[in-house]
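Peer 1: If you're matching them up, the sequences are chains A and B in order.
Take 1 as the starting number for the first sequence in the working numbering and just add one per residue.
Take 1 as the starting number for the second sequence in the working numbering and just add one per residue.
To be clear, the hints were calculated from the coordinates, so they are not data collected in a lab.
Check each hint, because a few of them may be wrong.
As the list claims (entries may be wrong) - Quick look at which bits of chain B chain A covers, simulated, 3 or more residues with Cβ under 8 Å: (1) 104 to 114; (2) 132 to 143; (3) 225 to 239; (4) 350 to 356; (5) 374 to 383.
Unchecked claim - When the alpha-carbon atoms are kept at most 27 Å apart in a straight line, the in silico DSS-like pairs for lysine-lysine are as follows: (6) B/K299 - A/K5; (7) A/K5 - A/K19; (8) A/K21 - B/K253; (9) A/K17 - A/K5; (10) A/K19 - B/K230; (11) A/K43 - B/K253.
All C-beta atoms in this analysis are idealised placements derived from N, C-alpha and C, irrespective of residue type, glycine included.
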Amino acid sequence: MPTLKIPTPLRPYADGKSKIKVQGQNVDEVLQKMIQEHPDLRKHLYADSGELRPFVNLFLNEDNIRQLQGVETKLDEEDTLKIIPSIAGGQAAI
Amino acid sequence: MTKEQNTLPDLSNEEIHRYSRHLLIPDVGLEGQKKLKAASVLVVGTGGLGSPVLLYLAAAGVGRIGIVDYDTVDFTNLQRQVIHGESRLGDLKTDSARDRMLDINPEIQVDVYNDSLTSENAFEIAGPYDLIVDGTDNFPTRYLINDLSVLTGKPNVYGSIFRFDGQASVFNADGGPCYRCIFPEPPPPGLVPSCAEGGVLGVLPGTIGSIQATEALKLILGIGENLSGKLLLYDALDASFEFVNLEKNPDCKVCSDHPEVTELIDYEAFCGMPAHDHEEGTAGEKWDITASQLEEKLKNEEDIRLIDVREPHEQEISNIEGSELIPMGEVASRMSELDTADEIVLYCKSGTRSTRALEILASAGFRKVKNLKGGINAWARDVEEDMPIY
């Protein structure tokens, strides 16, 4: 099952977890599954329109999914999907 | 001998003695040390990140170092801003930092800019320097530094911290990406916790700032592989260092070949938030209540519901008797526990979060709700003098 790494600023919305294993064939499925389990994460990742927020950075292992196939990027069992937050001292958000 | 070598400054015998541990490294050597002496670096911020950066660049013999900060040394800075000491409380941070740097190394030149870096003064301040080190703690100044770096062609040595997480990179160097390539726009202000909610492990900026200092020295020396095109992610809790690859965004608004941003803009407006924390959170005269006014009401036994919107671990530090805890993040979902007929006073650490909570309640129709101006710290200062301030 792919692993999803959750950065510190988002952990309060994911029961304090730093990583979770989520079933899914591609990035979108994994994110949807994660939001089902932790609904409070939705507003931090998605705009009201249902689109991923433009400042959300997702990396499959070492590579930005923007440089791959976006949310359609396929995931293998051993893959790690990282959410990279923009942080600024006391200010932080994904 | 190259032209550059010809124009590098000489080292005195004393300097050779001082830098002997550098001169013994073949990759640095006499020529490298001369390069450091000839180099100039602008460091924006003399806080958690700026402290180790300035200490190490000064010790390493970077010939000219500019420091930008508008603030004064505060007691709560000392937990992580190791360039400052208790004897300098209340002094300008730039003065405190300069004195410490010149104490370490009087051979260098330290230029002090006791000011905020703004779109108006940034070009003039950055003018004399080869590279910029970003040691700021807020998004508006981060975007300003990035755009300044791109528009002037000076590399930007980036570092950022939050609680146990750190990031470092080198932007706008060797044809690599800039900060906006990765973070094209800032997060909306509503999703950004304030400094009061954030917090940071004191040693973390030491780790990240030391990496920034290392990257700055490598860029000057032209050695090794720098962090351009990579983002270092440090998790202090997991003791893990990870890297992700960063690529230039062909549509980047500032560094692509068809940029939209060709001059410095209003970064506070762009980010929708101020560049500087205002210690006293205020919701405006109509919605504020001062600590003394609240004390008076409580003395008169007026029926008031005191709602503490901080986190449970903060309540352990200080607490106004009789208050109920509803953390800021739960205010919207627990609104049904409150009654619009009640007189409500909201408070947090310094008044910023409670102002946000008030906005949520006011937009839901609450009219008899007030914000404790300056938060529980103002209460501790003006009413309960034996209460700790944090």
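Peer 1: Now tell me, hint by hint, if it's right for this structure.
Peer 2: How the hints compare with the structure:
| no. | hint | in the structure |
| --- | --- | --- |
| 1 | 104 to 114 | violated (count 0) |
| 2 | 132 to 143 | holds (count 5) |
| 3 | 225 to 239 | holds (count 5) |
| 4 | 350 to 356 | violated (count 0) |
| 5 | 374 to 383 | violated (count 0) |
| 6 | B/K299 - A/K5 | violated (50 Å) |
| 7 | A/K5 - A/K19 | holds (4 Å) |
| 8 | A/K21 - B/K253 | violated (36 Å) |
| 9 | A/K17 - A/K5 | holds (9 Å) |
| 10 | A/K19 - B/K230 | holds (22 Å) |
| 11 | A/K43 - B/K253 | holds (26 Å) |
Violation of the numbered hints given earlier is confined to hints 1, 4, 5, 6, 8; the remaining hints are satisfied by the structure.
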